Every structure is written in structure tokens, then in C-alpha cells.
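Asks: Taken in order, these protein sequences are the chains called A and B. So the first sequence is numbered by my numbering: it starts at 120 and just counts up by one. So the second sequence is numbered by my numbering: it starts at 153 and just counts up by one.
You may find that some hints are simply not true.
Across the chosen pairs, the derived CB separations fall in these ranges [unchecked claim]:
| id | chain 1 | residue 1 | chain 2 | residue 2 | range |
| --- | --- | --- | --- | --- | --- |
| 1 | B | 222 | A | 323 | 48 to 56 Å |
| 2 | A | 304 | B | 226 | 43 to 51 Å |
| 3 | B | 191 | A | 274 | 43 to 51 Å |
| 4 | B | 169 | A | 379 | 45 to 53 Å |
| 5 | A | 255 | B | 175 | 42 to 50 Å |
| 6 | B | 319 | A | 346 | 36 to 44 Å |
Going by beta-carbon spacing under 10 Å, a handful of chain A positions derived as facing chain B [as the list claims (entries may be wrong)]:
| id | residue |
| --- | --- |
| 7 | 300 |
| 8 | 358 |
| 9 | 379 |
A few chain B residues that face chain A, going by a derived Cβ cut-off under 10 Å, partial list only [to be verified]:
| id | residue |
| --- | --- |
| 10 | 158 |
| 11 | 159 |
| 12 | 310 |
| 13 | 332 |
| 14 | 336 |
Calculated from the structure, these hints are not laboratory results. Everything numeric in this text was worked out from a predicted model, so none of it was measured. Beta carbons: idealized from backbone N, C-alpha and C, even for Gly.
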Amino acid sequence: MTTLSLPRRRFLCQTAASSAAVALARAGAPASPSAPAPAASPEIVDTNVTLFRWPFRRLKHDATPALVAKLRRHRLTEAWAGTYEALLQKDLAGANERLAAECRAHGAGLLRPFGSVNLAWPDWEDDLRRCHEEHRMPGVRLFPGYQTYDLSHPDLGRLIQLTAERGLILQIVFQMEDPRVHHPLLNLPIIDARPLVPLLERTPAARVQLLHFAGNVAGTDLRALVDRTGAWFEFSRWEGNGRLGQLIRPGPGGARPPVPASRVLFGSHAPYFPVETGLLRLFESPLDVETLHALMHRNARRLLPA
Amino acid sequence: MDPLAFALNPADYGLPTREELVAYRIWDTHFHGFNDRTDPLGQFHANNLYVRRMGIERSVTLEAGGTLRAPLQPAAHDAELRELLVQERAWLSGITPIDPGFPDESCVKMEAWIRRGPCIGIKYVGGNSRGIPCSHPNNDPIIRLAAELGATIYIHTWLKVGGTPRGPGRGNLPGESTPQDVVVLARRFPDVRFICGHSGGDWELGVRIVRAQPNVLLEFAGSDPHSGAVDFAARELGADRLVWGGHGPSRSYATELAKVLESDLSPADRLKVFGGNFRRLASPILRREGIPFEL
């Protein structure tokens with residue numbers, strides 16, 4: 120059964136530290152021989168979950184009680200919940216009402232509803248008013264592309280202004296799934312973030328969070344948003360080994376990180392993504408306890424108090 | 153700060169500890185650690201931090217000899233990589249990319265990198281200049297030689313939505329195989345086992361396509377983590393036909409590990425998927441190459 124046997128597990132344990140230290144040194148990152156002191160494990164605020172049915176297949180945890188139980192098992196104690204119904208439906212007042220009711224009925228104190236408005240549908244302003252005044256939602260979530268507009272829509276500036284005046288958070292979703300596996304009936308544009316920059320510059324009080332946003336290939340739109348606006352970012356789309364750490368940690372010589380850790384929030388994109396994906400990202404990158412606390416809950420609390 | 157230490161306890165978040173990850177005996181059968189255009193060896197060394205941090209037992213690079221962009225053209229770092237595959241054979245293996253547009257040249261490369269070299273298998277990359285998918289008769293001499301060598305056969309597949317009218321697979325590149333192509337090839341070689349890569353690109357369709365072809369295994373790296381996908385594949389194909397890959401560094405180990413960790417697979421089946429199935433598939437050539445491993 121076994122050829123030249125090697126206790127690889129022992130090899131991993133024995134050699135990993137030195138090899139990793141070499142790799143870190145090559146990358147210019149600091150390496151210290153001492154492990155951090157054990158720390159209390161903080162709870163997590165998930166800023167990107169979505170309720171009800173994904174239009175194209177059943178998801179494993181698309182029943183709200185199942186999703187809530189799943190989140191609790193992983194120490195997620197608060198989740199900002201949008202609704203899949205906002206992707207394709209026209210009666211968003213009804214969708215938002217159902218979302219609010221679902222969070223009350225099954226949220227178990229964990230779910231905070233984020234309704235939606237669709238700039239392409241008439242009288243979206245009243246949907247915004249209802250979200251705020253009737254349902255007491257802390258924010259709204261946009262799904263450009265699915266909602267048949269992009270960020271050059273002439274009403275977007277006014278929506279940003281109105282959410283700022285009402286003290287609402289505005290979440291903008293850049294992607295829901297890999298376009299290569301879209302249902303063939305869907306032919307959605309890639310959402311260009313650049314029109315957001317001047318709009319947010321004009322409304323510095325706006326609290327805008329970008330969901331499932333990776334930036335363009337060159338990273339120029341991410342850089343502009345970081346440098347010229349106060350936008351917040353959720354990291355479920357930051358793909359690649361160690362990508363989270365690479366984006367928020369100082370570079371060689373203390374160079375400024377691409378994104379300040381203080382503006383990054385945990386987002387799972389559940390139930391479409393496994394909750395485990397976002398959680399594992401927190402452990403894949405070598406992050407210190409302070410940074411983990413910021414990502415897990417402190418930044419979210421600054422954006423939306425308990 | 154110890155770069156391998158987790159600052160918090162993963163178990164507090166319903167995740168495996170590093171020791172538990174190691175115990176899964178994870179073999180990354182889809183490793184892109186030498187894919188950088190300018191500094192492939194530097195990329196490999198930098199990525200090792202994450203390999204070790206996440207407890208990966210063995211990495212199997214898919215770009216040993218040449219590059220994915222030009223599989224048959226020698227690369228500047230070929231000699232160094234070949235040496236590395238020998239020196240680090242305790243935890244690093246290589247699969248060499250071939251091009252079915254050039255079957256004779258592909259076989260020459262297999263002789264050099266597998267029979268007389270350190271590699272354990274071949275990879276069909278995602279497209280080629282002559283537009284030849286893996287179902288084409290050109291592939292027969294390649295597969296015959298692979299079978300003779302006991303080499304593993306990994307076939308990149310996708311079903312990219314595109315074309316007019318739009319449909320799955322109509323957006324593929326020239327020569328980029330579909331899972332249907334893999335099935336056509338596998339029917340011609342019923343005694344050879346094939347790995348259908350990326351779960352066909354679209355796992356809901358890919359699983360259905362390969363389901364009835366028992367000599368086709370499914371690997372599901374390099375795509376977004378879709379909750380429930382591994383459960384579906386295991387239900388339809390059986391856990392014995394699933395193979396895990398990491399696809400790093402362009403994909404995150406977090407992404408790929410989560411696909412299995414969120415599944416309802418038993419611990420025994422997780423061990424199979426994370427490495428046991430591939431070890432069984434590759435064991436003849438691993439033994440012949442004298443590569444140390446435990447089944």
C-alpha cells in the first residue's frame with residue numbers, strides 16, 4: 120500500500136515556520152519568532168447576506184431559519200440582509216415589506232434588513248421613504264445590472280444625497296455571480312465603479328459600502344475610491360491566496376496599503392457563497408488580533424452602531 | 153508574529169484548526185504557483201506561506217515545462233523548476249501541459265518530462281492555437297502514451313455562456329474543451345481515468361454531463377464557491393469521483409477549502425476528496441517515480 124513513507128504531517132509542522140518566515144522575508148513583510156498571546160474571539164458582523172430565493176436555483180441555506188442557524192454556528196451575531204426578490208421584481212415595496220417581516224419573524228435578533236430601490240422603476244423615492252420611515256431599515260441595497268441600470272444613471276446622485284440626508288447606508292452590489300455561468304437569458308454589463316467617485320466627492324456625508332467589489336484589473340477604480348471618497352468595502356470578492364492581507368497591510372518599507380483596514384468589513388455573500396469562505400479568508404492571511412477585531416466587528420459598528 | 157500561527161482560534165468560528173487541516177492530508181492537484189509571466193519562481197516562493205499556513209500536504213503544479221500560454225515552448229525557468237521538482241519531491245509534484253494541436257510534439261514532451269523527468273501527469277490547457285478540443289482524434293496517441301506511463305490526465309473544461317444565441321459553452325475559447333468533449337474521449341478509452349477540470353465550468357451542467365461516464369472524475373477548483381455544489385456532485389457521482397484543487401495563488405485556499413468544509417460529506421469522504429482519491433489515481437506513477445507518499 121505504501122511506498123517510501125514520509126511523515127508529511129510532521130514535515131509540515133516542523134518546517135512550516137521556517138519556510139514561511141523565508142517567504143515573508145522575501146516579500147518584505149516583518150517576521151517575528153514569537154506567537155501572539157491568546158485572545159478572546161470576537162463575534163462577527165456580516166454585512167452581506169441575502170434572503171429568500173436566488174432566482175436560478177435553490178441554495179442550501181435559503182430558508183431564513185436555516186441561514187440564521189448557520190450564521191450562529193459560525194459566531195456571526197449580526198447580518199445585514201438584502202433580498203433576492205429585488206433583483207428582478209418590479210414591486211419593490213412588496214419585496215421590502217416581506218424582507219422586513221422575515222427579519223422580524225425569523226431573524227432572532229440577528230438580521231437587520233436592507234431593502235432595495237430600483238432607479239429604473241418609477242417613484243423609487245417612495246420605496247426609499249418606506250424603507251426608512253415604515254420599516255426602520257438602516258440602509259438600502261442596489262443591484263445595478265440586474266436592476267437594468269448602471270452607475271451612470273442620472274438619478275444615482277440624488278439617491279446618494281437622499282440616503283445621506285436620511286442617515287441611511289447605501290450598499291451597492293457589483294456582482295452576484297460569475298458571468299461565465301449566468302443563465303443564458305441574462306446578459307448583464309460589467310458595472311463600472313468610476314461614476315461613483317465624483318458623486319461621492321459631492322456628498323461627503325454619504326455612507327456608501329461596495330459589496331462584492333474587486334476593482335478593475337488595473338486597480339485604478341479601487342484606488343480612486345479609496346483616495347477620493349469615504350466609501351467602505353466588503354471583501355467577499357477579494358480573491359487569491361492572501362489577497363485580503365495584501366490589500367490591507369502596509370507594503371514593503373511601510374508603504375501605504377491599497378485599502379485602509381479601517382474601511383473594510385466582513386461580508387460572506389451567503390447563502391450563495393458558503394459562510395466558510397469569508398471566515399477562512401480571515402485565517403488565510405496572517406493578520407494580527409487588532410486587525411481581525413476591526414474586520415470582524417469594529418468597523419461595522421462604526422458604520423452602523425448596534 | 154509567527155506567520156503560521158492563527159491569531160484567533162478557528163474552532164471558535166466553526167472552522168478546522170490548522171492541525172485539523174493538516175490531518176485532512178490535503179493534496180492541491182491544481183496548483184498555479186509558477187504561472188507568473190515575469191517571476192514564476194518568485195511567485196512560487198511567496199505563495200509557500202499560504203501553502204504551509206493552510207496545511208496543504210502536497211502541491212501539484214500544472215505548469216511544469218513550458219507555460220500554460222505556450223505549453224510546448226520551453227520556458228526560461230524550466231531547468232530550475234525541474235530541479236525544484238526533484239529537490240522538493242516530498243511535497244511538490246508536477247504535471248506538464250500539452251497541446252492536442254501538436255500531438256507528436258506533445259508526446260515528445262511527455263517522454264522528456266514524465267518518462268525521463270519528474271512529472272506525474274499531463275494537463276490540457278484552456279484552449280489552443282489550432283482549436284483542437286480533447287475529443288478530437290489527435291488526442292489518441294497522447295492518451296495512449298499517458299496510459300502507458302500511468303500519467304494522470306487533467307483536462308481543463310468550461311461551459312462559458314456566450315455566442316449567438318447565447319448558450320453554455322458557446323463562449324469558450326478555440327480548443328477549450330467542454331465536459332462533453334471529455335466524455336467523448338473517455339468513451340474511446342474506457343480503461344483510462346480522466347479528471348474533468350473546473351467541474352465542467354458550470355457544475356450544475358457539468359455533473360450531469362459526466363455522470364454516466366464512470367472513468368471521469370470531477371475536479372472543482374478555479375470557480376466561485378457555490379454553496380451546495382460539492383454536495384450535489386457527491387450525490388450524483390459519489391465522493392470517490394471528486395478531486396480537490398486549490399488553484400492558487402489566483403484563487404484563494406479559503407475559497408477552495410470552503411467548498412468541501414461547508415458540505416455535508418462525512419469525515420471519511422472529505423479525506424477522499426481532499427487527497428485520497430487523487431493519491432489512489434496517481435499511486436502507480438508516484439511509486440514508479442519514487443515519490444514518497446502515504447496512500
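Asks: Hint by hint, note whether the structure agrees.
Replies: Here is what the structure says about each hint:
1. B:222 / A:323: 48 to 56 Å: The hinted range 48 to 56 Å holds for residue 222 of chain B and residue 323 of chain A, with Cβ atoms some 50 Å apart.
2. A:304 / B:226: 43 to 51 Å: The hinted range 43 to 51 Å holds for residue 304 of chain A and residue 226 of chain B, with Cβ atoms some 45 Å apart.
3. B:191 / A:274: 43 to 51 Å: Distance hint for residue 191 of chain B, residue 274 of chain A holds at roughly 47 Å.
4. B:169 / A:379: 45 to 53 Å: 30 Å, violated
5. A:255 / B:175: 42 to 50 Å: Between residue 255 of chain A and residue 175 of chain B, where Cβ atoms are some 47 Å apart, the hint holds.
6. B:319 / A:346: 36 to 44 Å: About 42 Å separates the Cβ atoms of residue 319 of chain B and residue 346 of chain A, which means 36 to 44 Å holds.
7. 300: This interface hint holds because 5 Å falls under the 10 Å limit.
8. 358: Nearest chain B Cβ about 6 Å off; hint holds.
9. 379: Status violated, d = 19 Å.
10. 158: Check passed: Cβ of residue 158 of chain B comes within 5 Å of chain A, closer than 10 Å.
11. 159: 5 Å, holds
12. 310: 7 Å, holds
13. 332: At 16 Å from the nearest chain A Cβ, residue 332 of chain B fails the 10 Å test, so the hint is violated.
14. 336: 22 Å, violated
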